[in-house]
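Colleague: In case you want the letters, here they are:
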Amino acid sequence: MPNSASEAPGGGADSAPEAVPDAAPEDGAEYGPEGRADDGAAYGAECGPEYDLAVIGAGPAGLAGAVTASELGLSVALLDASGQPGGQYYRHPSPALGATRPEALHHNWPAFAALLRRLAAAEVTHLAGHHVWTVVAAPDAAGSWDVHALTGANGDEDRPGRVRARAVLLATGAYERQLPFPGWTLPGVVGAGGAQAMLKSALALPGRRVVVAGSGPLLLAVAASLAAAGARVPAVVEASDYLGYARRPGALLSQPAKLAEAAVHGAALLRHGVRLRTRSAVTQVHGSDRVEAVTVSRLDRQWRPVRGSGRRIACDALAVGHGLVPQLELAVGLGCTTRRTVDGTHALELGPLQETSVPGIWAAGETGGVGGFQLAFTEGELAGLAIAARLRGRAVAGEGRRSPRVLRRRRARLRAFADAMAAVHAPGPGWPQWLDDATEVCRCEEVTAGRIREAVADYGARDARTVKLLTRAGMGWCQGRMCGAAVACLAAQAQGPRRAQGAQPEPSPERRPLAVPVRLGALAALDEPNSPGTAEPKPTER
Amino acid sequence: MPTRHSSDLLVIGAGVIGAACAYYAARRGLNVTVVDRGPVAGGTTGAGEGNLLVSDKGPGPELELAQLSTSLWHELSDALPREIEYEAKGGLVVASGTEDLAALRTFAARQAAAGVTAETVPGDRLGDLEPHLTPGLAGGVHYPQDAQVQPALAAAHLLRAAGGRVRLRLGEPVTGILTATDGRVRGVRTPSGDLHAPCVVNAAGAWGGELARLAGVLLPVRPRRGFVLVTEPLPRVVRRKVYSADYVADVASGSAALQTSAVVEGTPAGPVLIGASRERVGFDRTLSVEVLRRLAAQAVRLFPVLATVRALRTYAGFRPYLPDHLPAIGHDPRRPGLLHACGHEGAGIGLAPATGQIIAALAAGDEPPLDVRPFRPERFGDGAAC
Amino acid sequence: MARDRSPAALVGAATDDAFEITFDGRPVTALPGQSVAAALWAAGILAWRSTRVGGRPRGAFCGIGQCYDCLATVNGRPNRRACLLPARPGDAITTQEGHGHAELGV
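As they're listed, the protein sequences go chains A, B and C. For the first sequence, counting from 1, position 263 maps to 263 in this note's numbering; every step adds exactly one. Take any residue in the second sequence, count from 1 to its spot, add 1000: that is its number in this note's numbering. Take any residue in the third sequence, count from 1 to its spot, add 2000: that is its number in this note's numbering.
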């Protein structure tokens, strides 16, 4: 195995910009030579060829959509920020790590491997290392869309890219919902999904003794992976009450495969001596510069900590998360209609064939509501079929494929299961009682819970947006992705019962017109469109 | 007839203009209710950069308003907490060519004659004021009276400092203007009930035209969209508000088409703000890549060091635009009891205190601090002009 | 399966091609394809940035490029997401102070 930087796939030119102009697409080359060869077409002052379909996100939904559409004859560009396909769910070690058993950290590897084989056979232009920062209607081509992306592992290489397509499939996935608690900014406190991601892709653990906490089915999977990889997991702390499952037997029992998966995790945890504590939460992290221990408290039905129930558990890391939040920046920027999900996040409102409220913009996977990889595969395939039918002007079923009807039935079943699970794990209204006024809620701008409550109680903020204007919570690097859920909740609660009476309109999802930070030099270097409407000279130039 | 919801003055709009009206009215002893369909600073104010400028205004009524406001903001910076981020940092207008510079200097000389402090700066001394400014500019004019506040915090603290005489009713949209049989305004209707007051102030910013329509009068306030780019947090890279000379011409233009000129400034919180674009496209927030490209390119041209800096966010705001670029301030003779305080376009934060003082004086039946005839709301007639 | 469990052993990764990077001048071993954050974690380093306001230590949090808590100064360039950036031989990671742009201040 070569050891030099320039030969190591996945070795970012990022850290030494003078070495090679852009390294990320090298990773893509592995999965389809045309991905590399056509790469240049997606760049440059002149917009390259127009694709039928641009798919954003190469996780299960995006891969299924791209492969299906390509197999049905569409020209497809698949853009993804990562160097490798798979998204968060199928994150796996870079080829440079030479892992002979990447499936050891995955329970459903064969389905992914099958998709990768189809991807390799299909003529999909796979643009790895492309961070899409906005999608807009093409200013000079009616009915087309411009997908603007930044390149490089960190998205800060100079050359911006632009892909034009007649249809766009948003498969942008989700990120983890975080609820703050005292001490959660200490090094060693990491996202549960983050710990999983770092393990799956880079074989690294945040510590040797890791408490896993929060809520949601992901916690069991994370704990099982950490334990399998050699960490001690003294406890899995789950805020909800698994009894909730017993109250929703219908939807849950319809998915024996899902339940079996949970049972596999459960068995693995037993084998590693991991204890599951339900209706409990980490309410304090101890340590001065890094995690030394956590306090776990019992919760009542509202998720309020039960006084005097705190128990200290020694550990050197805490992996924490409260389910997933659909990643909607691009969709919201396009004006797609959203809906509130059962666990209080926003997801896209989709038509029966995965189209958003904006004609020509489609979505699949977590963007339409968190539902897991099987649902993502199903929706991606359905979207691929539907987009092909739309662009080719006729039905494309048959051809040895599952019909849209079958896929829709499957989708309905999986969606019902996901919603039942989300309802069980939805944050209880009492969680803000974990916070004292000194707890930082916004990690980027270091804004405390006390300041947020004050902005609402004393200064007339009523939603996450005005809290942001008055306190800077959510104005930093992450643009509120980590604190947004918490700030919205604190803003609503600090207004007292009037808000709870439903007199208020539903808060809309946050607008983040730049989905990722963009260097000003890269923005300035975008080519001018030949659009007479915007290129008018200044009438009063002196 | 007074009810338990009655006050002396009812202000529609909890932005900085409404807040200033409430503040100065309360100081005159009036009881004020401020009603807004959203939160404090949720509309026009929340999208503002917080400019308190004299530099971009030629001699005339708007400059007089700005000069009064400049001294009032200075007083307010003592009266209000530091959190409003008041900074008397000054403005620097730069010209790239000699023709630009000549025009700028002529403009500055007229301003100076009207009492504005304007100091010409030769091209080779610009770097003393702004070390990161690109070399080779022809020259500029320094305006030490220009200042800045954080607009949302300024509005929130003005309302709080107004004290117990001001009651806030947030999240309550005004759905109708109540009038007596003689046509006189006597309050407003909201979903949670009627609010009564002998004087109602339209401080609804970019939505002031709609509000006027509710009252049955014409006020052709229209949105003039602007995008702002906000960078990652930085140390002080830009000391003043720095903008190119063509900005003044853009502000004064009535064109609906897109205009952009470089406006760059630092903030106490760290990020650099980059403007300014103007276009009349209704209330459309859709991102325009072309506008962002131009803003970034112009900013990098002025400050090359910004090329490697990242923009974390961008947002669109809507300036409340009136066709003659002057706000509407004062009694509306077509609808007795209705006063207007809107249409300040991009200068509303700066002009807020003077506007508030005028409204408070008029509501109390006193003489306003300056001649308000140029701002009379009925000047656009009853039908045309929009 | 090896008795001494490790992530690399679990997935059968080759670890012979390890190389060196530095953190604040001290050597750290990284594996090909590993992110900067993962290499630091593997060396027991959890913080490589101090915050702008409180000067508090921070490192990787979300692990997937969303939270920007892992911003690092790599080879003199500040504000790079260590969880996304692949480590390369000889990379010099230095603890980033605040915004990381002190040299720009006027």
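The set of hints was computed from the structure by calculation and includes no laboratory data. Bear in mind that the values here come from a model prediction, so they are computed numbers and not experimental data. Just so you know, not all the hints are guaranteed correct.
Pairwise CB distance ranges, derived in the manner of DEER restraints [stated by the list, open to error]:
1. P49/A with G1381/B: 15 to 23 Å
2. P1268/B with R117/A: 52 to 60 Å
3. A141/A with G2098/C: 42 to 50 Å
4. D300/A with G1216/B: 38 to 46 Å
5. T1117/B with A457/A: 48 to 56 Å
6. D2024/C with A423/A: 42 to 50 Å
7. G1193/B with R394/A: 55 to 63 Å
8. A1256/B with A141/A: 50 to 58 Å
9. G2098/C with E1075/B: 29 to 37 Å
10. S357/A with T1120/B: 23 to 31 Å
11. T1117/B with D2024/C: 46 to 54 Å
12. E2103/C with D1284/B: 34 to 42 Å
Reference listing, derived: stretches of chain C covered by chain A, where coverage requires no fewer than 3 residues with Cβ under 8 Å from a Cβ of chain A [what the hints assert, rightly or not]:
13. 2009 to 2023
14. 2030 to 2037
15. 2049 to 2056
16. 2063 to 2076
17. 2080 to 2088
18. 2096 to 2104
Heads up, the beta-carbon is just placed ideally off N, CA and C, and yes, glycines get one too.
Colleague: Going back to the hint list, which numbers does this structure go against?
Modeller: 1, 4, 5, 8, 10, 18
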